[in-house]
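Engineer: Make the complex out of the two chains shown on their own, each in a separate frame, by following the hints.
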Amino acid sequence: MNLDFSQIVPYIPFMLEGIWVTLKFVFFAIILGSILGTVLALFKIGSIKPLRWFADAYTSIFRGTPLILQLMIIYYSIPQLTGYDISPFLSAILAFGLNSSAYISEIIRAGIQAVDKGQMEAAQALGVPYRAMMTDIILPQALKNILPALMNEFITLTKESAIVSTIGYLDLMRRAQVVGSDLFRNFEPLLFVGLIYWCLVMGLTVIGRMFERRLKQSD
Amino acid sequence: MIKVEHLYKKFGTNEVLKDITTEIKKGEVVSIIGPSGSGKSTFLRCLNMLEIPTYGTVVVNGQDLTGPKKDVQKIRQHIGMVFQHFHLFPHLTVLENLTYAPMKVKGEKKETAQEKARLLLKRVGLAEKEKAYPSSLSGGQKQRVAIARALAMEPDLMLFDEPTSALDPEMVKEVLDVMKDLAKSGMTMAVVTHEMGFAREVADRVIFLDHGVLVEEGQPAAFFNSPQTERARDFLEKVL
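So the protein sequences, as listed, match chains Z and W.
FYI, the numbering used here numbers position 129 of the first sequence as 129, with every residue one higher than the one before it.
FYI, the numbering used here numbers position 90 of the second sequence as 90, with every residue one higher than the one before it.
Okay, chain W solo, but in the shape it has when bound (with noise of 0.2 Å):
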């Protein structure tokens, strides 16, 4: 589903990531983890575009999104994002929040978007929200209402960018609860994340970054119980 070779990104002559190469499977979760400034977010914003690789090349179901000929809005409506700090419109209800996009740019009409927002929203638990607006909503709620949003578009494929990061700790359950979920029903999802946990139990595959580089990839059990590098073990000592 997803195809990266030898990406490198650059700020300035800042060099985030190093010649990263591997490969998301359709159906698979991954979990992407290092520690703060290794080039995981940005890794995850290269999948869509978000920022620009380098050099490199991207490819999200056959498409080279790094190609000369890329439409980089087209598939970027088959990739679901959910951010850190949410990014709720704040202008729009909950209901609009998650019908805007479908309608605007898959042209579904109100009825039909409506109708698979309310059952998004019941499934991420707050059908009972639709008419409020995002500031009137606790943070694991705004997440939530992210995650369903995305899904509004009906993408092949999430992408996670530390979606429990701003939570307050009581918060990160039910937001945990929905990726799982997700997880279960079979989404392709790739998710930057400090939570072991949610890498353990419910990643096929962990990979680690550190300063930018690739260091380590392979399945949770193994990756935690018997790191093969130095860094990683590192990495996990302190946050294990």
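The shape of chain Z in the complex, shown without the other chains (with noise of 0.2 Å):
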């Protein structure tokens, strides 16, 4: 078996350097997609037709074509159409951020209408407004059930940033294939950033845990 681990010691602060670099997007990206998604929920449950139209036509373009697909049109499209010379840092936000806020508005969507109906009228017969019933009573409740799908979808998010290695962007993905390329050895590299993904993920998980215990406070 031809396996030295020894070989990518070297490169190793160059990988590492990914972590921030893959995080810094996927942070961004997950900030944008969960306002977004927030936003397109209460469309999507909101009495104003257009406003529903639109955010289910989003939700369907968005979840019905491939994020790589996604990422390639913004990368690719905004240079051409508009001269504007957008970074891969950007343009992995945007693709990201936009592909996320479909699913997340879908799973804010099912965890309002899974709140009990009472608790908008009891909002309602105190005369409390709309926002702050939505901000305050609803939202609340429904993130307290929708935490283990909204983290799923951050894992899911943080996963496939490698997509964006594609467009060029040095995350942990790139570094892995650079310094494979440099070695004439794969496996090593990406072997090694398989650990770092899954550490972060593990990081993920955690911290849902940690949100999960603190809602539950009231139970």
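Since the hints were made in silico from the structure, they are not lab data.
Please note: incorrect hints may appear among the correct ones.
Selected chain Z positions facing chain W (in silico; Cβ < 10 Å) [as the list claims (entries may be wrong)]:
1) D4
2) T59
3) G118
4) Q119
5) E121
6) Q124
7) V128
8) I137
9) P140
10) L204
11) G208
12) E212
13) D219
Note that the coordinates shown come from a computational prediction; the quantities given were computed from them, not determined experimentally.
Each residue gets a CB set at the ideal place from its N, CA and C atoms; glycine is no exception.
Structural biologist: Here it is as structure tokens:
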């Protein structure tokens, strides 16, 4: 068996730097996806028809086409159409944020609809305005129910982030490939970043569990 | 205080309320009774626009809820409502349940709201539960908190939608006692109930609905002892 992990040692700092690079855009993509997803979910359950159609069409498009295609379209078509030379970083945030907002909106919609209708009626009967009712009463309860599904989405996003290596963004995955072609040995660097991805996901899982415990306080 | 005129409510083709006209005066306690499916709850929910009437007018405190220029939210602040299934906010403590709306809706200061909330909790006998979450309370305690929560908005009128129907029998009394107290204090109340004892003892007037029609109304003594209509007689025979 031809395995030699000592060969990748000089490249370890280079690959570790990828953690930060990956996390940076994953972080922004999650923020963008969550905000946009919440807004879309509110559109979907709201009473304004055009907004509902928009949110449904949006979800249908972003769920119905491959993520890698969306990434490519954003990265290559924005310079072609507008002349603005979009960076891989920004393309990655946009593609992942827009894509995951479609999924997140579905998760949140289901979560809101699972909250007992009586909660809304109780808030309305007290004269609480719609916005406050949503942010203070309904969404916190929905969040508790959907946290596992939401964590799942964030984990998927973190792992799928490896796709950005295709547009030359120097994330973990890309760095493994660079090291691989430098050394003519691919298995070791790939295994190494695989381990890092797993650690990242475990970290997310632990954070999710902590949140869940905190929200369970009222049970 | 409340004037209801020619109120109709349809769910699709199903006519739940038909031409209801009645009035609730200030300080009056009105019991709304009738068989299940008679439209009692729907009627009550039309009084604070949780159900939008299909036709007819509901006037509360001189303001037409069914009119074109209505500020339902504003009017609801003056109408407390207590539900069959409590609907306490499960992620808030008992005290927060009471202070949330006064702070958010009326802009009360936290200290003021808490002070008033504590008085109310004392009044419903739950002063020691202010830090508890609803899930740790019994049904009767939950309903008493729900009553206190509605009172925290200092309403002019309280609506009760079968407040004791979801309770274990031994907890009915503690809730009814709170309601009796409230009635004595002069609160205007509309109570949908299956508790005929409460209707008879506490109510100033009984409204009997059947199949969405206001069949009979009158003073409890007269209504329970000598109902005027066949349908009311039938109903009372079954429940008493």
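Engineer: Compare the structure with each hint and give your call.
Structural biologist: We went through each hint and held it up to the structure:
no. : hint : in the structure
1   : D4   : violated, 55 Å
2   : T59  : violated, 28 Å
3   : G118 : holds, 4 Å
4   : Q119 : holds, 6 Å
5   : E121 : holds, 6 Å
6   : Q124 : holds, 7 Å
7   : V128 : holds, 6 Å
8   : I137 : holds, 6 Å
9   : P140 : holds, 5 Å
10  : L204 : violated, 24 Å
11  : G208 : violated, 18 Å
12  : E212 : violated, 13 Å
13  : D219 : holds, 6 Å
Going through the hint list in order, the structure does not satisfy hints 1, 2, 10, 11 and 12.
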